[in-house]
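Here is how the chains run, residue by residue.
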Amino acid sequence: MSAAQELSVPLARPRAGLPGSGGVALAIVVLLWLVAAISPLCARRAAEIRLEERLASPSATHPFGTDDLGRDLLARVVVATPISLAIGLTAAAVSVLVGFAVGASAGYFGGVTDLVLSRLVEVVLCFPVLFLLLALAAFLPPSPTAVILAIGLTTWPGDARYARAEVLKVKDLDYARAARAAGASAPRILIRHLLPNILPPLLVSAAFGVAWAILAEAALSFLGVGLPASTTSWGGILAAAPTYIEEAWWMALFPGLALFLTVAAYNLLAEGLRSRTVGRGRG
Amino acid sequence: MRPPPTILLAITLLSACRPKEAGAPSGGVARIPTPPASGSLKGAAAESGTLRRRLFGEPGTLNAVLQSDVPEQLVLQYLSRNLFDFDSRMNLVPGLAERIEFSPDGLACTISLRSEAVWEDGTPVTPADAVFTIRKIADPGTASPLYKALFQELVSVEEAGPRSFRARFREPYAYRAMAFAMPLLPARRFARQAFERAPDNRAPLSNGPYRLVSWRAQESIALERNPRYWGPPGRFDRVFFRILPENSVAYRALLQGDLDETWIDAALKQRAAQDPAFAACCRLVEFYDLDYNYIALNARLPFFADARARRALTMLLNRQSIAQTLYEGSARVISGPWAPESPAYDATVAPLPFDPKEAAVLLEEAGWRDSNGNGIRDRNGREFDFELLVSAGNTIGRQIDETFAAELARAGVRARVRTLEWASFVERLDSGSFEAASLASSASDPNPDPYPYWHSSQWPPRGLNSGFYRNPVADRLMEEARRERDEKRRIALFHRLHRIFRDDAPAIFVVNATKKYALSRALEGVETSPLGPFGIWPGPLAWSMPAAPARVAP
Amino acid sequence: MIRYTLRRLALAVPTLAGIVVLVFLLLHLAPGSPVSAMGAESGRRVSARAAEEMRRQYGLDRPLPERFGAWIGRIARLDLGESFVDRRPVGERIREALPYTLLLNGLALLLTLGIAIPLGVAAGGRPEGPLDRVSGVALFALYSLPSFWAALLLQALFSVRLRWLPLYGVASDSAPTGLGGLLDRLEHLALPVVCLTYGSLAFFARLVRSGVAEMRQQDFVLAARARGASARRALWAHAFRNALLPLITLLGLVLPGLLSGSVIIEKIFAWPGVGRLYFDSILARDYPVVLALSLLGAVATLAVTLAADLAYALADPRVRDGTEAR
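Protein sequences appear in the order of chains A, B and C. For the first sequence, our numbering assigns the number 29 to the initial residue and increments by one for each residue that follows. For the second sequence, our numbering assigns the number 16 to the initial residue and increments by one for each residue that follows. For the third sequence, our numbering assigns the number 62 to the initial residue and increments by one for each residue that follows.
Bear in mind the hints are in silico, worked out from the structure with no lab data behind them. None of these values were measured; they are calculated from a predicted model. For each residue, glycine too, the CB sits at the ideal point set by N, CA and C. One or more hints might be untrue.
[Stated by the list, open to error] Where chain B lies over chain C, by a calculated footprint (3+ residues, C-beta under 8 Å):
#1 113-124
#2 336-342
[Stated by the list, open to error] Capping the alpha-carbon separation at 20 Å, the derived lysine to aspartate or glutamate pairs in EDC-like fashion look like this:
#3 B:Lys284 <-> A:Glu275
#4 B:Lys372 <-> B:Asp393
#5 B:Lys284 <-> A:Glu80
#6 B:Lys284 <-> B:Asp273
#7 B:Lys503 <-> B:Asp464
#8 B:Lys531 <-> B:Asp306
#9 B:Lys372 <-> B:Asp385
#10 B:Lys531 <-> A:Glu275
#11 B:Lys284 <-> B:Glu343
#12 B:Lys503 <-> B:Glu356
#13 B:Lys372 <-> B:Asp519
#14 B:Lys531 <-> B:Asp280
#15 B:Lys284 <-> A:Glu81
#16 B:Lys531 <-> B:Asp273
#17 B:Lys284 <-> A:Glu274
#18 B:Lys531 <-> C:Glu102
#19 B:Lys530 <-> C:Glu102
#20 B:Lys530 <-> B:Glu542
#21 B:Lys530 <-> B:Glu301
#22 B:Lys530 <-> B:Asp460
#23 B:Lys531 <-> A:Glu274
#24 B:Lys531 <-> B:Asp290
#25 B:Lys531 <-> B:Glu343
#26 B:Lys530 <-> B:Asp280
[To be verified] Chain A regions said to be covered by chain B (calculated; three or more residues, Cβ under 8 Å):
#27 77-85
#28 255-263
#29 270-280
Extracted from the complex, chain A is given alone in its bound form (with noise of 0.2 Å):
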């Protein structure tokens, strides 16, 4: 016991707050959500096009240059972060809400309820996602919501199977058996004694999500199945990029920085939250 106690020194570094990376990140999606806030300010700049000054690299009138229609990138960019957050953030919760709706029921209950639910994960899980996206984005008319549901209804099976692998493994453990002789009702244990301790994959798997789902509407918009045109959004921009490689770099660059500070910001600010939500479940 001695050693293990001599050894957990230098590892249980007390954490408060946030330290280190994790104050980075949060400072990060703050300052995301300030520059969604005052997006609608850029909304004007951000439309206006002028065919004369096309592809224009980075200057101190166009800090980020402007696209193949000579709108400034900066106030595109700019519009685009609320509706690239809101694309990332609600895709990835619808994802993760009914994953772990489904696949904690299926691993709590077990038995026919397990039976059932499996089966529907897997008949989502082997949906072809390309197909699926194709499909619904063709049948929904163009817009935000079709295109946070097609992408969260496809992603969620696998959050499903990790919310249930987890159940699987700590339902039985001392706590939760604990819980249960003590007559707490399951949607309670569930919520309150395993999610906590289910939750860090989840949050891994939802950071990752958000960036996912930013990437995949780049996807659909580049399949010409996404967002309306007249929308604007990180994806769309990036998508129109490729076309001119070699000639405006900054296309690509700016709204590809703006989805690596996301994703960066909420994974590490996921990591951070999983070592709060580790110590107190097991507390």
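The hints should help you fit chains B and C onto chain A, whose structure is shown.
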């Protein structure tokens, strides 16, 4: 009953600019001249080497009747001679056939085949092959997307002699002869087997200058010289088609010397212009062809039922600026449904100007006012707000649409630009269930007949007049033009139509842009035409590469 | 264990049935048809008469249940039908493309695991350490790089500027045989494999990292260290073993993807694989090919899911006991 005496009728299709041939047939009998055996190929000794060409996608078949798109056409040009071909000036010239003669009522035609034409195995190309091919095309059980429409009015086709066959049609049609710019299939190779599944569809019997060597799925198709070809031999030992779906990758392959030609867009042209590596190994050919783009408007909607509103919309699209900027100056504003290269286009019909003020007046006249002050015009409680479709991958179309939508917004009209992938896009067009759509008209032959696209009998779902355009005067002129055998008078009818189309604005005709190809500098003899560099004869068959291609050092 | 396996196999049947019905319905109800998909390259449209005849030829004029019955009937006889596009047997088209995709994606997956697992374990061993932070940021940067962009850039650098690697294709036209030929093929594989790898690194590495980081302070790892196991051994043998479970799940999710390939990468590198076939077939509304590939994907997914569950059961007996108890 004896058939009426056949009077040979002149084929006057677009032949005005054809150079005079020596030894033109006498006796008032005009026919398509047979070029001297050497033709433009000069009968020169065949050169060696490989020509490396590009395909966007994989051909679905090498059965000439079943072909549906460009990749098939590019390969088949080497393997299957047509009865007639178009030359670079859009005149019909003989191929497998020597001449075509029409009956006086214009309903029947007799086509004589060349006696020396043989298949790859040495057997002659016969009238039976022609009869078989045409019957197959007309057969309701055969899918022949490219040729079906041309033989829709076919009544019968039968052999008319050891070297000729006769086809009879329900209606006379001024451009009938163009239907015979078509290849033939060897009838006996398809006996006793399902036509769609015949082994020949993947390994066709050639009657052209090359024959198939290998076909690797999604990768490449290799051809070699056909030793039994009856005409002047091809200049290259081999022709190698590489399937490269991505345009910018094909451009790079060209720079590396992996390709000798590729189509490029405006963005790549700009890149090439600034790239010393390109200048060292390659050159650009650029020319105007018969394609143009336009924005189709659905006249069934209240917005587009009124010609004044359609004209107003045309005046809100700054086409001159689009030609200057998006196309870098390599496009011309058009005023009707033809490209200026087409004889049907009347250069004196000036396009409507970009004039937002006049457009506003027209919109007011048509009853579209902003009655509730929300910035969008309305009439009878309906806002002028429509969906503008564009097919995915049509970059320039999307750019035009977004520019257009921005200009419309200033004029109190809302256009919502939406991209759709091709199959859904076409379905919406074909069924007429769209509001407005940005598309390109792409010609495979010089036939300028506007009837299939603008005559009121061709409304969806029966025809391709997707916007439900109807103008009784235009209808009559189009019907007349189809029957008019005299080219001058026919062109005059088209010119009258052109003026109507400009003022009626059944669609917004945008621009006719140049086609651009990047070629290896070593490639010589590349001739361009309003039909492009490929869809003509001899076209690519006259290309040569006298010197070894210069390769750029890494 | 055998009973568990058999039961899982039996359960795959209703799943397959569900998928088949869903794909069939979605495919046939989706807008567009094999006829309207024609002329995508030339932009030419098919005349109404030709369109109608073709619809009849493809059997699209018949009611949906009848078409479904015909298709199921053929599938039951293990006949995948023939492609609308080139009239060849669907099986033949898939057989041509599958080896290329398996090779490309298999190598990419191996490379991903080969980099992600050691990186994840090392980063998880010292959370918030320098390696953890640097690798985290670097991996997220890679993850946010769209693959179409990266592929074109890598081509520009390695194929165009430096001329180290071929631009596209699976092999040179005149590839030597033997060792030289192998080398030639590897050169052609290099760029597409890298493009398929860099994006998935982040997910795998972070997953392993979080599993390891979580487990390293747990009693059994600490106990192992207390028993005198080296820090490295404690991490790999105990902490990593625990992180293995979510990794297996993830593998179960991505392995079937080996079959489906990546459209964008296969297009850019002119790789004759399943991804392109599948995508082109969807665009062309080549129903028999899309159905066959979907079915194939479903079977593969089910098989891998089953394998993953079995592996799970082996790695963690509680899973098996828990399931078998019911």
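These are the hints, each one checked on the structure:
1. Only residues whose beta carbon comes within less than 8 Å of a beta carbon in chain B count, and the segment 113-124 of chain C has 4; three or more means the coverage holds.
2. Coverage of the segment 336-342 of chain C by chain B holds in this model, with 3 residues showing a Cβ closer than 8 Å to a Cβ of that chain against a need of three.
3. For the suggested pair lysine 284 (chain B) and glutamate 275 (chain A), the alpha carbons sit about 11 Å apart, so the restraint of at most 20 Å is met.
4. Proposed proximity of lysine 372 (chain B) and aspartate 393 (chain B) is supported: the alpha carbons are some 18 Å apart, at most 20 Å.
5. Taking the CA atoms of lysine 284 (chain B) and glutamate 80 (chain A), the gap is near 18 Å; set against the 20 Å cutoff, the hint holds.
6. As the CA atoms of lysine 284 (chain B) and aspartate 273 (chain B) are separated by approximately 19 Å, the hinted pair is consistent with the 20 Å bound.
7. With a C-alpha separation of about 14 Å, the suggested pairing of lysine 503 (chain B) with aspartate 464 (chain B) holds against the 20 Å cut-off.
8. With a C-alpha separation of about 13 Å, the suggested pairing of lysine 531 (chain B) with aspartate 306 (chain B) holds against the 20 Å cut-off.
9. Using a Cα cut-off of 20 Å, the hinted pair lysine 372 (chain B) and aspartate 385 (chain B) holds, with the two alpha carbons roughly 15 Å apart.
10. For a cut-off of 20 Å, the pair hint linking lysine 531 (chain B) to glutamate 275 (chain A) stands: about 18 Å separates their Cα positions.
11. Between the alpha carbons of lysine 284 (chain B) and glutamate 343 (chain B) the distance comes to roughly 10 Å, so the proposed pair stays at or under 20 Å and holds.
12. A C-alpha spacing of about 16 Å is found between lysine 503 (chain B) and glutamate 356 (chain B), which places the hinted pair at or below 20 Å, so the restraint holds.
13. Distance restraint check for lysine 372 (chain B) and aspartate 519 (chain B): the Cα-Cα separation of roughly 19 Å lies within the 20 Å cut-off, and the hinted pair is therefore satisfied.
14. For the given pair, lysine 531 (chain B) sits about 7 Å from aspartate 280 (chain B) by alpha-carbon distance, which is consistent with the 20 Å threshold.
15. At most 20 Å may separate the alpha-carbon atoms for a hinted pair to count; lysine 284 (chain B) and glutamate 81 (chain A) meet this at roughly 18 Å.
16. Under the criterion of a C-alpha separation no larger than 20 Å, the hint pairing lysine 531 (chain B) with aspartate 273 (chain B) is consistent with the structure, at around 19 Å.
17. Only pairs whose Cα atoms come within 20 Å are accepted, and lysine 284 (chain B) paired with glutamate 274 (chain A) is accepted, the gap being roughly 12 Å.
18. This hinted pair checks out: lysine 531 (chain B) and glutamate 102 (chain C) have alpha carbons roughly 16 Å apart, not beyond 20 Å.
19. Taking the CA atoms of lysine 530 (chain B) and glutamate 102 (chain C), the gap is near 15 Å; set against the 20 Å cutoff, the hint holds.
20. Between lysine 530 (chain B) and glutamate 542 (chain B), the direct Cα distance comes to roughly 13 Å. Compliance with the 20 Å bound is thereby established for this hinted pair.
21. Note on lysine 530 (chain B) and glutamate 301 (chain B): the hinted pairing holds, with a Cα-Cα distance of about 6 Å set against a maximum of 20 Å.
22. For the hint linking lysine 530 (chain B) to aspartate 460 (chain B), the alpha-carbon distance of about 16 Å falls within 20 Å, and the restraint holds.
23. For the suggested pair lysine 531 (chain B) and glutamate 274 (chain A), the alpha carbons sit about 19 Å apart, so the restraint of at most 20 Å is met.
24. Using a Cα cut-off of 20 Å, the hinted pair lysine 531 (chain B) and aspartate 290 (chain B) holds, with the two alpha carbons roughly 16 Å apart.
25. Simply put, lysine 531 (chain B) and glutamate 343 (chain B) have alpha-carbon atoms about 13 Å apart, close enough for the 20 Å limit, and the pair holds.
26. About 8 Å separates the Cα atoms of lysine 530 (chain B) and aspartate 280 (chain B), which keeps this hinted pair within 20 Å; it holds.
27. Restraint check on the segment 77-85 of chain A versus chain B: 4 residues with Cβ-Cβ distances below 8 Å, three needed, restraint holds.
28. Under a criterion of three residues with beta carbons nearer than 8 Å to beta carbons of chain B, the stated coverage of the segment 255-263 of chain A is upheld, 3 such residues being counted.
29. Proximity of the segment 270-280 of chain A to chain B, defined as three or more residues with a beta carbon under 8 Å from a beta carbon of that chain, is established by the 6 residues found.
Comparing the model with each numbered hint stated earlier shows that all of them hold.
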